[in-house]
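Q: The primary structure of each chain is shown beneath.
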Amino acid sequence: MENVTESIGKALHDKFGDALVKQELIVDFPTFTFKKESILDVLTFLYDFEIYKFQFLTSICGVHYPDNVKEEEFCVVYQLNDMVKNQRIRLKVYTSEAKIQVPSVTSLFSTANWLERETYDFFGIEFIGHPNLTKILNMDDQPYFPLRKQYQLEDETRDDKDDSKFGR
Amino acid sequence: MSTENKDIIESKVNITKAPEGIEGAGFFATSLDQVVGLARKNSLWPLPFATSCCGIEFMATMASHYDLGRFGSERLSFSPRQADLLMVMGTISKKLAPVVKQVYLQMAEPRWVLAMGACASSGGIFDTYSVLQGIDRIIPVDVYVPGCPPRPEQVIDGILKVQELVGKESLRRRSSPEYKELLASYGIE
Chain A
1 MENVTESIGK ALHDKFGDAL VKQELIVDFP TFTFKKESIL DVLTFLYDFE
51 IYKFQFLTSI CGVHYPDNVK EEEFCVVYQL NDMVKNQRIR LKVYTSEAKI
101 QVPSVTSLFS TANWLERETY DFFGIEFIGH PNLTKILNMD DQPYFPLRKQ
151 YQLEDETRDD KDDSKFGR
Chain B
169 MSTENKDIIE SKVNITKAPE GIEGAGFFAT SLDQVVGLAR KNSLWPLPFA
219 TSCCGIEFMA TMASHYDLGR FGSERLSFSP RQADLLMVMG TISKKLAPVV
269 KQVYLQMAEP RWVLAMGACA SSGGIFDTYS VLQGIDRIIP VDVYVPGCPP
319 RPEQVIDGIL KVQELVGKES LRRRSSPEYK ELLASYGIE
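Taken in sequence, the protein lines are chains A and B.
In terms of the numbering used here, the first sequence opens at residue 1 and continues consecutively.
In terms of the numbering used here, the second sequence opens at residue 169 and continues consecutively.
Calculated from the structure, these hints are not laboratory results.
Think of the CB as a built atom: it goes at the ideal place given N, C-alpha and C, for glycine as much as any other residue.
Careful: at least some of the hints might be erroneous.
Facing chain A, according to a computed beta carbon distance under 7 Å, are these residues of chain B, among others [claimed, not checked]: (1) D295; (2) S344; (3) Y347.
For lysine to any residue, the following SDA-like pairs were computed, each having C-alpha atoms within a straight-line distance of at most 25 Å [as the list claims (entries may be wrong)]: (4) B:K263 / A:W114; (5) B:K336 / B:F239; (6) A:K10 / A:K70; (7) B:K263 / A:N138; (8) B:K262 / A:C61; (9) A:K22 / A:I128; (10) B:K269 / A:E156; (11) A:K35 / A:D82; (12) A:K36 / A:M139; (13) B:K263 / A:I8; (14) A:K36 / A:D82; (15) A:K149 / A:D41; (16) A:K161 / B:F294; (17) A:K70 / A:Q152; (18) B:K262 / A:K85; (19) A:K135 / B:F239; (20) B:K269 / A:K10; (21) A:K85 / A:T5; (22) B:K263 / A:P103.
Start from the sequences, fold in the hints, and give me the full structure.
A: Rendered as structure tokens:
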């Protein structure tokens with residue numbers, strides 16, 4: 001698997017140079033971190049890549065790292081599959097909380113439409129170029145982005161929860 | 169009909185007892201409240217609002233083994249306009265809450281609500297940002313059935329509790345100031 005990471009990483013580095021920030025092998029999962037401006041170009045390149053053709057976008061999700069250095073509080077993770085050769089890779093781009101914008105990849109993958117809406121719904125990450133970036137799972141007037149870590153997971157309207165009654 | 173057959177029918181078929189009243193040759197006098205209550209409680213039309221596993225238990229309750237038809241509720245109404253009893257069974261997310269409320273508003277008075285299971289009653293294990301913490305936050309509830317999910321016996325017990333309320337309800341209750349105040353507290357006219 002290290003060979004796979006090396007060969008894909010070399011091709012990506014030759015093509016994109018400094019836009020490839022980091023390459024690593026996490027257990028058995030080749031992972032590449034890019035600058036966010038280049039994500040659409042990278043996905044387009046990998047779509048018709050010569051060794052593997054990553055033509056299936058399995059998922060997009062957001063991650064919130066409140067303790068990260070500034071400019072890198074939010075991460076968007078793309079997981080791609082080559083169905084023919086059974087190979088998967090993960091791409092990451094980081095974005096800042098102040099300017100929380102990432103280019104949309106809906107022009108390449110239609111499935112990114114719903115996935116990006118979901119990521120927007122839960123993390124508030126704006127995908128520039130998305131045709132209809134509205135909430136998809138939460139109620140329309142949800143006043144905050146619930147998976148950001150500054151909000152508690154529990155329902156905040158409960159007033160009957162007294163820890164002392166549960167021995168806590 | 170032979171005497172033997174008549175005995176079998178009388179021993180196996182339950183017929184609702186007549187309310188208290190004055191009986192004489194060719195007449196029977198009682199209060200209107202009791203007659204209407206008797207008729208209503210033994211012909212409740214439930215509207216099943218089933219969203220999860222409680223709905224499966226409700227299906228068992230309706231099926232032949234437990235047979236809710238024995239209590240006069242075999243006719244499910246899938247239109248709120250003809251339903252008497254709204255049975256909310258399962259987790260109601262905050263996004264679904266306006267739908268539950270709309271269904272309740274579409275029901276004609278008198279209407280009753282039964283919250284079945286932990287989720288409908290209190291949010292259950294789903295103490296989270298997306299789940300309504302009990303349907304009594306949006307509509308008034310008459311009977312809560314605990315359990316996760318409740319067994320069909322518990323559902324039948326809940327229905328019998330609703331029947332008890334229905335049978336004893338005064339004809340004036342729905343126009344009383346207390347009832348109007350209750351609805352107003354939920355923002356319902």
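Q: Evaluate each hint against the coordinates.
A: Hint-by-hint comparison with the structure:
Evaluation of the D295 (chain B) hint against chain A yields a held restraint, the C-beta minimum of about 5 Å falling below 7 Å. The beta carbon of S344 (chain B) is not positioned within 7 Å of any beta carbon in chain A (closest approach about 28 Å), and the interface hint is therefore violated. The closest approach between the C-beta of Y347 (chain B) and any C-beta of chain A is roughly 25 Å, which is over the 7 Å cut-off, so the hint fails. Using a Cα cut-off of 25 Å, the hinted pair K263 (chain B) and W114 (chain A) holds, with the two alpha carbons roughly 18 Å apart.
This hinted pair checks out: K336 (chain B) and F239 (chain B) have alpha carbons roughly 17 Å apart, not beyond 25 Å. The straight-line distance between the Cα atoms of K10 (chain A) and K70 (chain A) is roughly 29 Å, outside the 25 Å bound, and the hint therefore fails. As the CA atoms of K263 (chain B) and N138 (chain A) are separated by approximately 6 Å, the hinted pair is consistent with the 25 Å bound. A threshold of 25 Å between alpha carbons decides the hint, and for K262 (chain B) with C61 (chain A) the separation of about 23 Å falls inside it, so the pair holds.
Annotation: proposed proximity of K22 (chain A) to I128 (chain A) holds, straight-line Cα distance about 24 Å (limit 25 Å). A distance of roughly 21 Å separates the Cα atoms of K269 (chain B) and E156 (chain A); the hinted pair therefore holds under the 25 Å criterion. For the suggested pair K35 (chain A) and D82 (chain A), the alpha carbons sit about 23 Å apart, so the restraint of at most 25 Å is met. For the hint linking K36 (chain A) to M139 (chain A), the alpha-carbon distance of about 29 Å lies beyond 25 Å, and the restraint is violated.
Straight-line distance between C-alpha atoms of K263 (chain B) and I8 (chain A) comes to about 43 Å, which puts the hinted pair past the 25 Å bound. A distance of roughly 22 Å separates the Cα atoms of K36 (chain A) and D82 (chain A); the hinted pair therefore holds under the 25 Å criterion. For the proposed pair K149 (chain A) and D41 (chain A), the alpha carbon gap of about 31 Å is over 25 Å, so the pair is violated. For a cut-off of 25 Å, the pair hint linking K161 (chain A) to F294 (chain B) stands: about 14 Å separates their Cα positions.
At most 25 Å may separate the alpha-carbon atoms for a hinted pair to count; K70 (chain A) and Q152 (chain A) meet this at roughly 22 Å. For a cut-off of 25 Å, the pair hint linking K262 (chain B) to K85 (chain A) is broken: about 43 Å separates their Cα positions. Straight-line distance between C-alpha atoms of K135 (chain A) and F239 (chain B) comes to about 45 Å, which puts the hinted pair past the 25 Å bound. Of the supplied pair hints, the one linking K269 (chain B) and K10 (chain A) is violated, its CA atoms being roughly 58 Å apart against a limit of 25 Å.
Restraint check: the Cα-Cα separation between K85 (chain A) and T5 (chain A) comes to about 15 Å, which is no more than 25 Å; the hinted pair holds. The suggested pairing of K263 (chain B) with P103 (chain A) is violated, with an alpha-carbon distance near 29 Å, which exceeds 25 Å.
Hint compliance for this structure: hints 2, 3, 6, 12, 13, 15, 18, 19, 20, 22 are broken, all remaining hints hold.
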